[in-house]
Structures are given as structure tokens and as C-alpha cells.
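So you can see what is in the structure, the chains are spelled out below.
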Amino acid sequence: MIQNSSNGQVIKVGIAQMDVVKLPNTIRTSGLGSCVGVILYDESKKIAGLIHVMLPDSSLGRQESINVAKFADTGIAAMIDLLKLEGVQKFKLKAKIAGGAQMFQFTSDKDSMRIGPRNVEAVKHELKRHGIRLVAEDTGGNSGRTIEFNPATSTLQIRTVNQGVSEI
Amino acid sequence: MTYNQKITSLHLDVLKEIGNIGAAHAATALSNLLGKKIDMRVPKVEMVSFNDMMELAGGSENVVVGIYLRIEGDAEGSMFFILPIEQANRFIRRLIFDESFDFKKRPVSELGLSAMQEMGNILSGSYLSALSDFTNLKIYPTVPGLSVDMFGAIISIGLIELSHVSDNVIVINTSIFEDGVEDQETVRGHFFLLPDPDSFDAIFKALGVS
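Keeping their order, the protein sequence lines are chains A and B.
Following the working numbering, the numbering of the first sequence begins with 6 at its first residue and continues without gaps.
Following the working numbering, the numbering of the second sequence begins with 255 at its first residue and continues without gaps.
Careful: at least some of the hints might be erroneous.
Which stretches of chain B does chain A cover? Using the computed rule of at least three CB atoms under 8 Å from a CB of chain A, they are [said to hold, decoys possible]:
id, stretch
1, 306–320
2, 400–406
3, 416–425
Because the hints were derived from the structure by calculation, they are not lab data.
On a predicted model such as this, the values are computed, not experimentally measured, just so you know.
Positions of the beta carbon are idealized from the N, C-alpha and C atoms, including for glycine.
Generate the whole structure from the sequences, applying the supplied hints.
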């Protein structure tokens, strides 16, 4: 396990996966391109969840059993439920999001080319639907992002190859 | 055959042969371009989870040079040519006669980027024309895009189509390396061919193994 600066562990979340973090740990997902990293957190309880969203809408899925963390709609709903199990009240949740880049600029009739912006739109739509305030975002552009959220400070650290490290 | 059904060993062999023929042509083209011997490994065809896919080129955060294009026509899919930064630097320095060229230096020189783009054009073109000749399928590559970024951010665009139907990906993976450079996983370039789920039938039918 990797140690973070506050001597906790870094919980790693893979593509189309999600997890919950508590003090003193931090939570991280790497290599976000068109995918969107969604953080739902409760500032007072110092607890947060991260979803690595890949697709905007579960109605796009053509599978019998779906992986809820893959889609913006099912992922956010499932994370709210997970956090409720930890005693978090939904109305206290806030959100920070990052990702949704367009890694390649060229034209194709495939919708997948515009998937980054569509993922961002879908995430915002779902947050609004659940009444969760979006506090900060770093979305769009054409760079990959690695993000790490620290529930102690409610800061989201964003690393890109070209612009180095920033915090929102 | 549906995407998630177990593929038979015959299917695997056919997909391996596609990787073999495609990458052999591309390696020859690269060798001619650089005036340098390029070797390739026997292709691997695997069904892996999205997260295991990230490990095929050093992890999702590993910074690489990536060429990506879509294949359209009788069979559709995504194709990537992924090079570790150091290997891409060696190739481009040799192509543009500029020993100071470096993908890590910002801003990256326009000449170097355009040489990389052209190299992507030539290699993917030779891979895919070999594939088309072998299968008799009409396939049309889009103009390749270039990105120098984290592998996860680059490869995930190729997983979007698949992710509608699966949480796994069938990947035809061929690695190339230079003569005289120690053959370690970390210094290898890769061709990744990711057929769309609906295209496997067309490929197998074209080769008489439906």
C-alpha cells in the first residue's frame, strides 16, 4: 500500500469502479481521459466516495447485469446509497468532478468521439437531479488527469502531464 | 458468437494470425523508414478486464506516445500504436536528424510531432492494408490522432464502444522492439487492435471460421 502524506493509505479506484474513503486515508484514480471522476463528500463527517464514470447513461448498456459504477446515472445513485450506509445524510453531500477530456481531435461519425463532454453533462444532470451541489470542477480540455481526494481537507488534487499539479 | 461467449482456440488462432500479418507488415514498414532492424513478438490475443488492459503498457498513469484511429467499413474497431517515450524519442530523432528532440520537452517541436503523425499513418496503413488483403474485408481507417499522455487516458477511448456490452476487452496485442535494445516489457512498442463486439462475426466469416 502506498502511504499518503498524513500517514494514511491511498485507496485506488480503477476504471468503471467506485469506493469510499475515511480519515486518515485518501482516494485516488489515475489516467482519466474521457472518463469523469466524481467525488461525493460530507465535509463534517470527513467521508467521501469516488466513482470513475465511463459512460453517461445506463440505458446505453446492452448487458443483462450491469456494473453500476460504469454509468453516471447508476454510479451516482449507488454511491449515495453506499454513503447512506455510512450514516451520511444525502442533503449534506457536495460534489467535485474532474475529467471528461477529448484526447483526440478528429472527426468520426461515432458518438464515442464526443464522449468526454457527454459524460460531464450527464454527471451534472444527475447531481442536479439528486440536489447535490457541485462545488468545483476541472473538466474538458485534451489532457489526461490523475486525481486524489483528501477527506480531511475536502481538496481534490489534479495532476496532468502538461500542467503539473493543481487543487480544487 | 456473442462477445462474452468463450472464444474457441480456433477463433484465437485466427485473431493471432491477423495480429501477426498486420504487425509484420507494420514492422517492415518501420524498419524501412528508420533504416534499422525492428523485431516483433508473437501476437497475444487475450480477453482482459478494463483494469488489466491498463497493465499491458505500464499502468494507466504511464506517459506514452499514442496513435489512435478508428477502423470503419465491413469490420469496425479501434487501433492504437503505443510507444514508450524513450523509444518514440529514438525513432523521431533518427527520422528528423535532430538528437535534441524530446517528447518530454515543452512545447514539443512541431516537426517532431508531424513526423510522429506521419509514422503513425504509415504503420497503421500497412497494418490495416495487410489485414484487408488477408480477410478481403473492406476497411477504412480514419486519419490517426496523436496524443502524448497517460496510457489510461489514451486507451480508454478505445474501450467506449465495448463498454456498452462488456466489462472485458478482446485485445490483439503485438509488441515491437529494436534490435540491440534490451527486450524489456517497459521499452516495447505495442500495436493494440480492439475489434468492436459486432465485428467479430464479420472477421470470422471472412476467414471461414464462423
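**Study point:** Numbers of unmet hints, in rising order
**Key:** none
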